[in-house]
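**Q** The residues making up each chain are set out below.
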Amino acid sequence: MAETTGSRPVGTRVAVLWCADWPVVAAGIGPSEPGAVLHANRVVASSEAARQVGVVRGVRRREAQARCPELIIAERDLAAEARSFEAVASALETLTPRLDIVQPGTALFSTRGPSRYFGGDKALADRVLAKVEAVLDGRTTCAVGIGDGIFTARLAARVRTPNPMIVEPGGSPEFLAPLSITLLDEPALTDVLWRLGVRTLGAYAGFEPSDVLGRFGRVGLVAHARACGLDDQLPDAIDPPEDMSRSIELDTPIERIDQAAFAARQLAISLHERLSQRGAACTRITIEAESEHGEQFARGWRHEGALSVAALTDRVRWQLDSWLQAGPAVRPTGGITRLVLSPDELIPAAGRQLGFWGGETEADLRAGRAVARLEALVGVENVAVAEWKGGREAADAVRLLPAGTVDLAGRGLGGGDERPWPGALPAPSPAQLFTDRVIEVIDADGAPVGVSGRGEATAAPAWIDLDGRRPRRVAAWAGPWLLEERWWDPESTRRRARFQVVDEDGQALLVYLEAGRWWLAGTY
Amino acid sequence: MAITAELRAQIGEVAPVVLAAEQVLPVPSIFSSVIPGGGLQRGSTVGVGGGPAGRVVAWSLLGAVTGTGGWVASVGMAGVGLVAAHEVGVAIERVLVVDTTDVDAETWSASIGALIGAVDVVMFGTPRHRITPSEQRRMSSRARERGTVLLEVPGVRPQRQLAADLTLDVEAVRWDGLENGHGVIRSRIVDVVGSGRRGARRERRATLALPSDSGALDVVAESTPSTESSTNHLSLVSPT
Numbered sequence: 001m002a003e004t005t006g007s008r009p010v011g012t013r014v015a016v017l018w019c020a021d022w023p024v025v026a027a028g029i030g031p032s033e034p035g036a037v038l039h040a041n042r043v044v045a046s047s048e049a050a051r052q053v054g055v056v057r058g059v060r061r062r063e064a065q066a067r068c069p070e071l072i073i074a075e076r077d078l079a080a081e082a083r084s085f086e087a088v089a090s091a092l093e094t095l096t097p098r099l100d101i102v103q104p105g106t107a108l109f110s111t112r113g114p115s116r117y118f119g120g121d122k123a124l125a126d127r128v129l130a131k132v133e134a135v136l137d138g139r140t141t142c143a144v145g146i147g148d149g150i151f152t153a154r155l156a157a158r159v160r161t162p163n164p165m166i167v168e169p170g171g172s173p174e175f176l177a178p179l180s181i182t183l184l185d186e187p188a189l190t191d192v193l194w195r196l197g198v199r200t201l202g203a204y205a206g207f208e209p210s211d212v213l214g215r216f217g218r219v220g221l222v223a224h225a226r227a228c229g230l231d232d233q234l235p236d237a238i239d240p241p242e243d244m245s246r247s248i249e250l251d252t253p254i255e256r257i258d259q260a261a262f263a264a265r266q267l268a269i270s271l272h273e274r275l276s277q278r279g280a281a282c283t284r285i286t287i288e289a290e291s292e293h294g295e296q297f298a299r300g301w302r303h304e305g306a307l308s309v310a311a312l313t314d315r316v317r318w319q320l321d322s323w324l325q326a327g328p329a330v331r332p333t334g335g336i337t338r339l340v341l342s343p344d345e346l347i348p349a350a351g352r353q354l355g356f357w358g359g360e361t362e363a364d365l366r367a368g369r370a371v372a373r374l375e376a377l378v379g380v381e382n383v384a385v386a387e388w389k390g391g392r393e394a395a396d397a398v399r400l401l402p403a404g405t406v407d408l409a410g411r412g413l414g415g416g417d418e419r420p421w422p423g424a425l426p427a428p429s430p431a432q433l434f435t436d437r438v439i440e441v442i443d444a445d446g447a448p449v450g451v452s453g454r455g456e457a458t459a460a461p462a463w464i465d466l467d468g469r470r471p472r473r474v475a476a477w478a479g480p481w482l483l484e485e486r487w488w489d490p491e492s493t494r495r496r497a498r499f500q501v502v503d504e505d506g507q508a509l510l511v512y513l514e515a516g517r518w519w520l521a522g523t524y
Numbered sequence: 001m002a003i004t005a006e007l008r009a010q011i012g013e014v015a016p017v018v019l020a021a022e023q024v025l026p027v028p029s030i031f032s033s034v035i036p037g038g039g040l041q042r043g044s045t046v047g048v049g050g051g052p053a054g055r056v057v058a059w060s061l062l063g064a065v066t067g068t069g070g071w072v073a074s075v076g077m078a079g080v081g082l083v084a085a086h087e088v089g090v091a092i093e094r095v096l097v098v099d100t101t102d103v104d105a106e107t108w109s110a111s112i113g114a115l116i117g118a119v120d121v122v123m124f125g126t127p128r129h130r131i132t133p134s135e136q137r138r139m140s141s142r143a144r145e146r147g148t149v150l151l152e153v154p155g156v157r158p159q160r161q162l163a164a165d166l167t168l169d170v171e172a173v174r175w176d177g178l179e180n181g182h183g184v185i186r187s188r189i190v191d192v193v194g195s196g197r198r199g200a201r202r203e204r205r206a207t208l209a210l211p212s213d214s215g216a217l218d219v220v221a222e223s224t225p226s227t228e229s230s231t232n233h234l235s236l237v238s239p240t
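Line order of the protein sequences matches chains A and B. Each residue of the first sequence is one higher than the one before, starting from 1 at the first, in this note's numbering. Each residue of the second sequence is one higher than the one before, starting from 1 at the first, in this note's numbering.
Read the hints as simulated data drawn from the structure, not as lab findings. Any given hint could be a false lead.
Which bits of chain A does chain B cover? Going by a derived footprint, with three or more residues having C-beta under 8 Å, they are [as the list claims (entries may be wrong)]:
#	stretch
1	54 to 67
2	214 to 228
3	383 to 389
4	398 to 405
5	425 to 435
Given the structure is predicted, the values throughout are model-derived calculations rather than measurements. Don't be surprised by glycine CBs; every beta carbon is placed ideally from N, CA and C.
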C-alpha cells in the first residue's frame, strides 16, 4: 500500500478538541443527572447517568422515559449549543489563531505553529485541556487528540484514554488498524464492508486503491485514504481565488438575533450562487464580522461534505448569535455593521445527483427555490411546512416550522409515525380549526350546559350559539370526553371537556368547556 | 355539424401524441365518477366549494400528488386542519403553508406567481381583495403554461373568484356515528357535484365517504350522468 499511495502526502498535524455530550451540556443538564436531548422524538444525545440505564442515541421518547422515569428531557437547540460553545472556542483562541468549529462540541486546529511555540504536541494538548476544563467547570469531560490529518485526530480524541492521545507523525496506520470500520461514518459503505467481513480500518486499508475505486467509487476511495491514515483533505480541494468571498454592509447595525438570521440567509444565498457559478462548493468557511466600533471577529466552520445554503445559513446564524450573546469580554460593544463570508477550501461541486428513488428530486429543488422567493415576499415566519408532533388535539398534532429552516429534500416520503395517541378523538378530525372563539352551549331550559365533577354533562345541549346572533338547534351530540394534560406544569396545563355537536344546518362542530366557558375548537 | 365532426377527426389525426398521464395529476379513484379523465388536468383551474367539508374534498384530491413526490402549497387558508388532510391521504410534510393574512393584493399575486411552476398544486382560499379579470387571466395562463393546477376554495370571502375549468361542490354533508348523547363521528359523508366547461360540461354526482369508518376513502353511491340532452348524438361504443 505504501508504494501505491505514496504520491499522496500524509495529513498536516491537527489537534481535535472534543467535549462529550455537548447537546446535553448546552441544555443545562449536569453530568450526574440523567438527561437526554431529543430531536424528532428520538434521543440524539444523553448524559452518562442516562446511558447507564439504557437511554442511548436513537431511542424514542416514550421508551426513554420508560427506561428512566426521572429523565430530564430537552428539545434539541442547535443555536444554543453553538452559543454555549463560544466560551470554549474563545478559550482555545488564546492558544491558536486559526480555529475551525466542526460542530458545537468539536473544534480543530492545525498544531504546527502552536506546538512549536508551546514546546511540542504533548505540552500543547495539556494546555488545551487545562484551558478548556477551566471553562467547562465540571459540566462535562473533554478530550484532545492530535494526529496526522483530521480523521486520525478526531478518532484519537474519541479514544479518551490516554487523554490527551497523541498519535506520533506517521503512526496513523498502526493507530487506526485495530479500530472498527464503522468509525468511517459512511453507513452505506461500511454496511457492505461489514457483511463482506472487512471489520477493521486496517483490513480495509490493506486493499489496493485501484480495486477500491473500481468497486466503491469516489466515496470508497476517500474512505480508504482515511483508513490508511493519509491526508483526508479531499484530493481536489483548492484554495479559492480572492474574489470568492461575499460581504454585506448593514445600514442598520445588527443587535438582535432575528435580524442576524435574515442577513445570514441573504449572505449564504449570495455566496452559494457565486460558488455554483464557478462550479464549486466549499467545505470550510470563515465568518467575519465587524462591529460599528471597529471590533473584528472571525471564526472558521468546517463541514464534512459541501456546505449547502441551509447549512451555511445555520452556521452564520449560530456564530452571530454566539458573538452577540457572549460574555462582556467577548461581546461586541456595538451592533454588527459588516459581515463577510469567505470560502477557504473549494471542491468541485459534484452537482447534486437527483434521486431516482428517495433523496432530493427536481420537485424538491423547485419547492426550495419557491420558498426563498416567498420568504422575501411575505416574511420568513409566514412560509411554513408541517411536521408531525403528536398530540391529543388536532391543533397539537401538527407543528408548523419556518420552511427556510427545514431541508425539503425527500420530506414526508418515508411514512410517519402512525401510532395512535390515547385520549385523542378518532378520525375524522376537524377540517377548520379555531383558537379563542368563545361560544354558548345552552340546554333546553336556556341554562348553560356544564360538566359535573364525575365527568358527565349536567344537561343535554339543545342550542348552540356561535356568533351571539342566531342560536342553532342541536341535532345530535356526544361527549364529554375529558382531557387533562400536563397537570404538573402550571404554564401549559389543560383541563377540558370536549363535545361533538351537529347543528340543525348539518354542520359538525368540536367544542369544549374549559375554565367555565365554552370554546369552538373546530368545524368538521 | 357534419363539417365540424370531420374537422375534429382530422385534428385528432394530425395532433402530436401527448401521453395523457403526463398531463394529468392523479386523484384517488373514488373521484372517477365526478372528475372526467381520471385526474386533474395540469394547468387547469379547479374550484371547490362548500364550507369545511369542501376543504376536505379539496384535500382528498391531493393525496396521490403528495404521495408520489409532488408538492402542494396552501395559501391563505388560516386555521387549516392538517390532521384532517392527513386522514384523507395527504402527506402533510409536503405541503407548503403560506400565511397571507396581512399581505396586500400585489404581494398576494406575486406569491401565487412564485408558486406556479414550483409546486404541482397551488391551493388557495379566496382572498379578501377582488382579483381583477386581467389578473385572473394572467394567473390562469401562467398556470397553464407551467402545468400547475390552481385550486380555489372559499377563504376569507365565501364566493370563489376564478373561473374554473372544473368545479366540485358539496351539496350536503352527513355525519355517521353521532347520536343524541352518545356515539362519536366515525365518517363524513359528502354529496359532491362535479361540473365544468370543456370536457366536463355534464353534471356528475357522487356520494363519498371522506373518510369512511374504516379510515379509507370510499364511494357510497354514484349516479352515472343521465343522457345529456336529446339533441346530442348517440355515439358508437365497442361491445367490450
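**Q** Each hint needs a verdict: does it hold in this structure or not?
**A** Status of the hints after comparison with the structure:
1. Only residues whose C-beta sits within less than 8 Å of a C-beta in chain B count toward coverage, and the stretch 54 to 67 of chain A has 0 of them, not enough to reach three; the restraint is violated.
2. With 0 residues bearing a CB less than 8 Å from a CB of chain B, the stretch 214 to 228 of chain A misses the requirement of three and the coverage assertion fails.
3. For the stretch 383 to 389 of chain A, the proposed coverage by chain B is satisfied: 6 residues have a C-beta within less than 8 Å of a C-beta in that chain, meeting the threshold of three.
4. Beta-carbon proximity to chain B at under 8 Å applies to 3 residues in the stretch 398 to 405 of chain A; the threshold of 3 is reached and the given coverage holds.
5. Judged by the Cβ-Cβ criterion of 8 Å, the stretch 425 to 435 of chain A is covered by chain B as claimed, because 11 of its residues qualify and three suffice.
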